[in-house]
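A.B. asks: In case you want the letters, here they are:
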Amino acid sequence: GENVEQHPSTLSVQEGDSAVIKCTYSDSASNYFPWYKQELGKGPQLIIDIRSNVGEKKDQRIAVTLNKTAKHFSLHITETQPEDSAVYFCAALGSGNSGYALNFGKGTSLLVTP
Amino acid sequence: GAGVSQSPSNKVTEKGKDVELRCDPISGHTALYWYRQSLGQGLEFLIYFQGNSAPDKSGLPSDRFSAERTGGSVSTLTIQRTQQEDSAVYLCASSLASSTGGAYGYTFGSGTRLTVV
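Line by line, the protein sequences give chains R and L.
Under my numbering, the residues of the first sequence are numbered 58 to 171, in order.
Under my numbering, the residues of the second sequence are numbered 2 to 118, in order.
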């Protein structure tokens with residue numbers, strides 16, 4: 058089945074700096090890659106997603122890039138703010154026995170310090 | 002409702018007891034998923050429901066776990082004879098579904114925090 062690796066597990070940046078979180082996946086047939094933000098005590102919330110037919114997508118301060126050849130995708134947050142502090146999860150839609158269920162990375166705890 | 006609703010938000014149970022966790026998805030979302038989130042871990046897939054199709058139970062960790070979805074809406078996850086290792090946050094999500102399955106983002110509920118003592 059699909060295996061999603063996410064790095065780093067923790068990331069600390071100063072307010073205004075950029076943050077980058079990277080993920081790799083194993084199933085070359087995967088075609089959908091969402092990113093979720095989880096704040097304390099809440100469920101994960103979709104913040105951006107990308108499909109396999111594009112290489113980059115941007116929404117204000119966040120962007121995601123996808124390299125299908127290398128099977129990796131990244132989340133970029135620019136001009137970080139303290140409210141960006143949360144746990145971020147990447148995911149990939151596998152094609153195995155859970156072909157319609159997302160496989161998630163283990164998460165990155167992002168801390169933005171003022 | 003406006004979002005995915007899960008109940009209870011917290012559940013403490015004694016080892017060996019059965020528990021039921023409830024999920025009320027967004028109206029019109031035909032796909033429903035259960036995930037388990039253990040401390041410091043990612044989200045572990047448990048089970049997937051899509052419309053009237055047979056559920057994908059491939060992620061259920063043991064036969065003590067079962068789930069059903071009545072009328073294509075509300076779902077209940079049941080854990081029998083709970084063990085301490087079942088302690089985790091159980092998350093439910095729903096989504097629209099396309100011909101490629103989960104190619105729409107999920108909307109998650111806030112989860113049920115289960116503690117087995």
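By construction, these hints were calculated from the structure, which means they are not laboratory data.
Just to be clear, a hint being listed does not mean it is correct.
[Unchecked claim] Okay, derived cross-link-like pairs now, SDA-like style, lysine to any residue, Cα gap no bigger than 25 Å in a straight line:
1) R:Lys125 to R:Gln71
2) L:Lys12 to R:Gly98
3) R:Lys128 to R:Gly98
4) L:Lys58 to R:Gln71
5) R:Lys94 to L:Ile27
6) R:Lys163 to L:Gly17
7) R:Lys128 to R:Lys163
8) R:Lys128 to R:Leu97
9) L:Lys12 to R:Gln71
10) R:Lys79 to L:Arg114
11) R:Lys163 to L:Ser74
12) R:Lys99 to L:Gly41
13) R:Lys94 to L:Asp25
14) R:Lys94 to L:Glu15
15) R:Lys79 to L:Ile27
16) R:Lys163 to L:Lys58
[Stated by the list, open to error] So the derived label-pair ranges between C-beta atoms look like this:
17) R:Ser109 to L:Thr31: 15 to 25 Å
18) R:Glu136 to L:Asn53: 44 to 54 Å
19) L:Glu69 to R:Ser166: 15 to 25 Å
20) R:Thr170 to L:Pro9: 30 to 40 Å
21) R:Lys114 to L:Ala3: 23 to 33 Å
22) R:Ala86 to L:Lys58: 18 to 28 Å
23) L:Leu97 to R:Leu97: 26 to 36 Å
24) R:Leu97 to L:Glu45: 40 to 50 Å
25) R:Ser75 to L:Ala55: 44 to 54 Å
C-beta: ideal position from N, C-alpha, C; glycine also.
A.B. asks: For a C-alpha distance cap of 25 Å, please report whether R:Lys94 and L:Asp25 respect it.
C.D. replies: Status holds; Cα separation ~21 Å.
A.B. asks: Could you tell me whether the CB distance from L:Leu97 to R:Leu97 stays inside 26 to 36 Å?
C.D. replies: The hinted range 26 to 36 Å holds for L:Leu97 and R:Leu97, with Cβ atoms some 28 Å apart.
A.B. asks: Holds or violated: are the alpha carbons of R:Lys99 and L:Gly41 at most 25 Å from each other?
C.D. replies: holds, 15 Å
A.B. asks: Hey, R:Lys94 versus L:Glu15, does the alpha-carbon distance stay inside 25 Å?
C.D. replies: Given that 25 Å is the threshold and the Cα spacing comes to 32 Å, the pair is violated.
A.B. asks: With a cut-off of 25 Å on the C-alpha distance, tell me whether R:Lys128 and R:Leu97 pass.
C.D. replies: Outside the cut-off at roughly 30 Å; violated.
A.B. asks: Is the straight-line distance between the alpha-carbon of R:Lys128 and that of R:Gly98 25 Å or less?
C.D. replies: violated, 32 Å
A.B. asks: Does L:Lys58 pair with R:Gln71 here, judged by a C-alpha cut-off of 25 Å?
C.D. replies: violated, 43 Å
A.B. asks: If I claimed the Cβ atoms of R:Ser109 and L:Thr31 lie 15 to 25 Å apart, would that claim hold in this structure?
C.D. replies: holds, 23 Å
A.B. asks: For R:Lys163 and L:Gly17, compute the direct alpha-carbon distance and say whether it is at most 25 Å.
C.D. replies: violated, 29 Å
A.B. asks: Falls inside 30 to 40 Å, the C-beta gap from R:Thr170 to L:Pro9?
C.D. replies: Taking Cβ atoms as reference, R:Thr170 and L:Pro9 lie about 35 Å apart, which means the hint holds.
A.B. asks: Decide if the proposed pair is consistent with the structure: L:Lys12 and R:Gln71, CA atoms, cutoff 25 Å inclusive.
C.D. replies: This hinted pair is violated, its Cα atoms lying about 38 Å apart.
A.B. asks: For the pair supplied as a hint, R:Lys79 and L:Arg114, confirm whether the alpha-carbon distance does not exceed 25 Å.
C.D. replies: violated, 28 Å
Checked against the numbered hints given earlier, this structure breaks hints 1, 3, 4, 6, 8, 9, 10, 11, 14, 15, 19 and 24; the rest are met.
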